[in-house]
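Chain order of the listed sequences is V and F. With this note's numbering, letter number 183 in the first sequence gets 178, and the count goes up by one each step, no holes. With this note's numbering, letter number 155 in the second sequence gets 400, and the count goes up by one each step, no holes.
Treat the hints as calculated values from the structure; they're not laboratory data. Some hints here could point you the wrong way.
[Claimed, not checked] Here are a few chain F residues that sit away from chain V, every Cβ distance over 12 Å (derived from the structure): (1) 282; (2) 313; (3) 464.
[To be verified] FRET-style restraints, in silico, Cβ to Cβ: (4) 348(F) x 73(V): 45 to 55 Å; (5) -2(V) x 449(F): 44 to 54 Å; (6) 465(F) x 87(V): 27 to 37 Å; (7) 190(V) x 348(F): 27 to 37 Å; (8) 159(V) x 336(F): 23 to 33 Å; (9) 264(F) x 74(V): 54 to 64 Å; (10) 210(V) x 379(F): 23 to 33 Å; (11) 51(V) x 463(F): 45 to 55 Å; (12) 332(F) x 159(V): 17 to 27 Å.
The beta-carbon is built from N, C-alpha and C at its ideal position, and this holds for glycine as well.
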Amino acid sequence: MSLLSNTTALLGKELRTEFRSRELLTTTVVFILVVVVLFSFTFDPTSGESRRFAASLLWLAFLFAASLMLQPCFLREQNNDTLSALRLCVADPFAIFVAKLAANTLFLLLTELLMLPVFSILFNVPVFPVFGQLVLVLFLGSLGVSIAGTALSAISAQARMRELLLPLLLLPLLTPVLVASTRVTVGLLDPAPFMEWKGIGFLVIFDVVFLTALWLFGEYLLEE
Amino acid sequence: MMKHALGGALVVVLLVAAAYAAFFVAPTDVKQGLIYRILFLHVPSAWTGLVAFFVCFIANLLYVWRRAPRWDWLGISAAEVGLAFTTVVLVTGPIWAHPVWGIWWTWDARLTSTFVLWLLYVSYLVLRTLVEEPDRRALFSALFGIFAFIDVPLVFGSIRWWRTQHPQPVIMGEPGSGLDPTMRKVLFFSWLAMLGLMTLLLKARYRVEAMRGELETIRREAEVL
Chain V
-4 MSLLSNTTAL
6 LGKELRTEFR
16 SRELLTTTVV
26 FILVVVVLFS
36 FTFDPTSGES
46 RRFAASLLWL
56 AFLFAASLML
66 QPCFLREQNN
76 DTLSALRLCV
86 ADPFAIFVAK
96 LAANTLFLLL
106 TELLMLPVFS
116 ILFNVPVFPV
126 FGQLVLVLFL
136 GSLGVSIAGT
146 ALSAISAQAR
156 MRELLLPLLL
166 LPLLTPVLVA
176 STRVTVGLLD
186 PAPFMEWKGI
196 GFLVIFDVVF
206 LTALWLFGEY
216 LLEE
Chain F
246 MMKHALGGAL
256 VVVLLVAAAY
266 AAFFVAPTDV
276 KQGLIYRILF
286 LHVPSAWTGL
296 VAFFVCFIAN
306 LLYVWRRAPR
316 WDWLGISAAE
326 VGLAFTTVVL
336 VTGPIWAHPV
346 WGIWWTWDAR
356 LTSTFVLWLL
366 YVSYLVLRTL
376 VEEPDRRALF
386 SALFGIFAFI
396 DVPLVFGSIR
406 WWRTQHPQPV
416 IMGEPGSGLD
426 PTMRKVLFFS
436 WLAMLGLMTL
446 LLKARYRVEA
456 MRGELETIRR
466 EAEVL
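Could you build all of it, start to finish, from the sequences and the hints given here?
What follows is the structure, encoded as structure tokens:
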């Protein structure tokens, strides 16, 4: 029970910190927008091809954004010297991770939902008929990104060149998430949309596997 | 010293024998001709690389559990040796593919996942250079090594299921399928030789790392004084 109450309290703290300044969300939204616009210069976005590439572009933009957005997750605690205090006040350090990854998933999902309509207009792909399914794959994908990213940001926060290190560690690790979510999204943005349930199942497996790993090894990541 | 020399000599003999078998014992492939013989370097290297990464994973787990520096030393040694073998795989692959498939590289499942595997362990080595404090470096790299190894089957699975839908080169789509019995024997013998080489390299690298670790400890103690 204490895990749940600790997690809720910590999640509240994460959300309050962010919604007071909203700097993470604003920066990430603008970053994704920049990346999407820059992508559009590298090929002809009006051609029929754009439908095929759209999903990949979207996921790549999300992944790059996430690898930057997850940066402050533990760095903030370290800069403010609050990590030891955090560790002292929870019985199970896993609560810190769950709270942080839940907050990160929420932030990622929010930015993605904000970007979706813009993306739909810019690349001329209808997203609303398959909105529900899209939210599902966005959620499972973002959850996977957040689980691995939160764990690794605890590592990168204590290293040199951390801004480069986190993407370097995170992006190859996220290959399965990128492959599966892009595949599902391509199916959903098809002129005859279809749901690739195998991809959804795969994302669930990834999330469960990494959540278990985090549960088993998370406490060591927070050692002094 | 004598033991090292003997071990080294044994591995050299094994490697020479494996090379001889690969060139003169195994029959020439009907379709591919001579070039197929690179298989006896390529495939055993791939298997050996995976064995080394598995050793690295076990060492990482043991480090997290026991916190003895020797598991850290073994982890880094195994990761480097595994990377060396995987690099051989990634280099010999295109050399074989160019005459047989007509292209150097294709984004086929096996190639791509090997490449991602290589990248993951390169990141592991980069991580080690960026954390100063030895205990923290050992712990963090061990944890990343564990995450990376857990990720490997997921990478293989995802790429295999979704990335192979485009037309694939047909010849030797499945190496190992319908392999001539002599070829199979030579292949496994080459693997044995490669495993010998891996053990040799691992031991040598481990000794270097152990010395480096001790030097670091002495240096820190000297600083405290």
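Outcome of the hint check:
1. 282: 32 Å, holds
2. 313: For residue 313(F), whose nearest Cβ neighbour in chain V is about 15 Å away, the distance exceeds 12 Å, so it holds.
3. 464: 19 Å, holds
4. 348(F) x 73(V): 45 to 55 Å: 48 Å, holds
5. -2(V) x 449(F): 44 to 54 Å: 47 Å, holds
6. 465(F) x 87(V): 27 to 37 Å: Because 33 Å falls inside the window, the suggested range holds.
7. 190(V) x 348(F): 27 to 37 Å: At 34 Å between Cβs, range holds.
8. 159(V) x 336(F): 23 to 33 Å: Distance hint for residue 159(V), residue 336(F) holds at roughly 27 Å.
9. 264(F) x 74(V): 54 to 64 Å: The hint (54 to 64 Å, Cβ to Cβ) holds, given that residue 264(F) and residue 74(V) are roughly 57 Å apart.
10. 210(V) x 379(F): 23 to 33 Å: Once the Cβ atoms are compared, 27 Å apart, the range 23 to 33 Å for residue 379(F) and residue 210(V) holds.
11. 51(V) x 463(F): 45 to 55 Å: 52 Å, holds
12. 332(F) x 159(V): 17 to 27 Å: 23 Å, holds
The structure shown violates none of the earlier numbered hints.
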